[in-house]
Amino acid sequence: MTSTIQRRRIEVLADEPLIAAIVRLANNAGITHYTLMPTIGGAGAHGRWRDDQLSGATAKVMLVAITSTEHAAAFVDLLAPLLESHHLMLLLSDVEVVRGVKFD
Amino acid sequence: MALDALLQPVVLFFLLGALAAFARSDLAIPEAVAKGISLYLMMSIGLRGGGEVAETGFTHDMALAGGAGLALSLLLPLPAFWLLRTAGRLDRTNAAAVAAHYGSVSVVTFATGSEILRQAGMAPAGYMVGVLALMETPAIITGLLLARAGGTDSLAPRGGLLHETFLNGSVILLLGSFLIGMIDGKDGLVSIAPVFDSLFRGMLCIFLLDMGLIAARRLMDRRALTLRTVALALALPLLNGSLGVVLGMELGLDAGSSAALGILAGSASYIAVPAVMRLALPAADPGLYLGMSLAVTFPFNLTLGIAYYAWLATHLWPLIRT
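In the order they appear, the protein sequences are chains H and E.
Under the numbering used here, think of the first position of the first sequence as 251, with each following residue one higher.
Under the numbering used here, think of the first position of the second sequence as 594, with each following residue one higher.
Take the hints with a grain of salt, since some may be wrong.
What the simulated footprint calls covered on chain E by chain H, stretch by stretch (three residues with Cβ under 8 Å from a Cβ of chain H suffice, anywhere in the stretch; the number is not a length) [stated by the list, open to error]:
#: 1; region: 718 to 731
#: 2; region: 888 to 898
Just the calculated beta-carbon pair ranges, DEER-fashion [to be verified]:
#: 3; chain 1: E; residue 1: 672; chain 2: H; residue 2: 256; range: 52 to 60 Å
#: 4; chain 1: H; residue 1: 343; chain 2: E; residue 2: 628; range: 31 to 39 Å
#: 5; chain 1: H; residue 1: 259; chain 2: E; residue 2: 675; range: 32 to 40 Å
#: 6; chain 1: E; residue 1: 671; chain 2: H; residue 2: 339; range: 48 to 56 Å
#: 7; chain 1: E; residue 1: 656; chain 2: H; residue 2: 259; range: 56 to 64 Å
#: 8; chain 1: E; residue 1: 827; chain 2: H; residue 2: 350; range: 33 to 41 Å
Please keep in mind that the hints were generated in silico from the structure rather than gathered at the bench.
All values derive from a computational prediction rather than experimental measurement.
Here a beta-carbon is modelled for each residue, glycine too, at the ideal position from N, C-alpha and C.
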């Protein structure tokens with residue numbers, strides 16, 4: 251049976267103009283592997299939103315990263331103070347991965 | 594003139610898009626297509642303006658119009674900020690973000706206005722495209738300074754903000770196409786005219802259909818808008834646009850170019866500025882500044898504002914020239 255190892259999955263939903271800065275924070279926390287995913291639309295505390303390639307101001311992008319508990323905790327510490335002011339959504343969960351060394 | 598402007602295909606397609614959205618139709622232009630057409634429009638506007646300047650050469654009027662455009666973009670956010678703080682009852686950050694939008698310009702309002710002026714025999718001078726490009730960014734600086742006076746918590750490094758402000762795609766494409774038009778001249782552009790000239794109005798119609806859908810849907814999601822902010826989104830273009838027309842006339846520009854300066858001053862950005870403000874002033878509400886500029890001011894300018902600026906320029910011309 252293939253062995254697995256536990257890692258932390260981080261998901262951040264943010265407006266597209268903010269993503270470069272959030273990736274920089276992730277790098278500062280030691281997270282260098284991540285995926286950015288476009289979104290179509292949705293609704294939240296600040297109303298409905300949809301993909302907006304015209305200005306890009308309100309288009310939302312999802313950053314997904316799988317990392318170690320330590321790196322995840324460091325990233326949460328950096329991002330938590332910005333969640334309210336920057337209208338961000340942060341999700342954390344435990345995942346099982348194969349080849350754990352790829353997700354440090 | 595007002596009725597003529599309303600019955601132009603470009604305006605009617607905008608209204609069609611808005612009606613479809615209000616009726617909750619599933620009509621949609623793919624985002625990538627709309628983005629592509631917006632780039633096409635900027636290239637076409639830049640090339641045409643540059644081609645015309647290549648024919649006329651650098652003139653005194655061109656320098657005056659450029660200076661006026663820069664000054665308007667830098668200074669218009671100041672009274673707008675004051676009005677938004679007092680009459681609009683907005684906090685400093687939101688007022689600064691919105692004020693920056695009203696100092697900057699809307700490329701599509703300018704493109705539509707130029708077409709309407711051309712149809713009315715008041716074609717603006719080609720150099721007004723250069724003025725359009727000059728007016729894109731100074732207002733962003735003023736808006737950021739107004740907000741910074743109160744302190745902000747931007748995630749963006751200073752270098753990143755400057756990069757985003759001065760090298761944003763629309764400025765690069767407009768100025769670059771304008772320069773290419775100037776280098777090649779009208780004769781040199783003949784070979785690409787079937788794409789960038791003949792198709793222009795049709796492309797503008799498709800784009801405005803999409804803008805009608807976007808503006809109406811944003812108006813329907815108007816959580817951030819109040820009666821006060823809607824009233825200001827109607828008053829600011831009238832005040833700024835009138836100032837632009839009068840300034841153009843006083844500087845000795847022709848009636849068409851003065852009307853175009855009024856259209857630029859009266860328009861509000863919804864492409865370049867929102868992206869910078871989202872990065873620089875994350876606490877400002879994008880629903881507010883996009884709602885005001887895109888859902889209220891843009892439709893107002895398209896349906897009534899452009900005709901008013903043209904009317905003002907036409908009626909001021911004999912008064913100021915005598």
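We went through each hint and held it up to the structure:
no. : hint                      : verdict
1   : 718 to 731                : violated (count 0)
2   : 888 to 898                : violated (count 0)
3   : E:672 / H:256: 52 to 60 Å : holds, 59 Å
4   : H:343 / E:628: 31 to 39 Å : holds, 34 Å
5   : H:259 / E:675: 32 to 40 Å : violated, 48 Å
6   : E:671 / H:339: 48 to 56 Å : violated, 36 Å
7   : E:656 / H:259: 56 to 64 Å : holds, 58 Å
8   : E:827 / H:350: 33 to 41 Å : violated, 60 Å
Comparing the model with each earlier hint shows violations of hints 1, 2, 5, 6 and 8; every other hint is respected.
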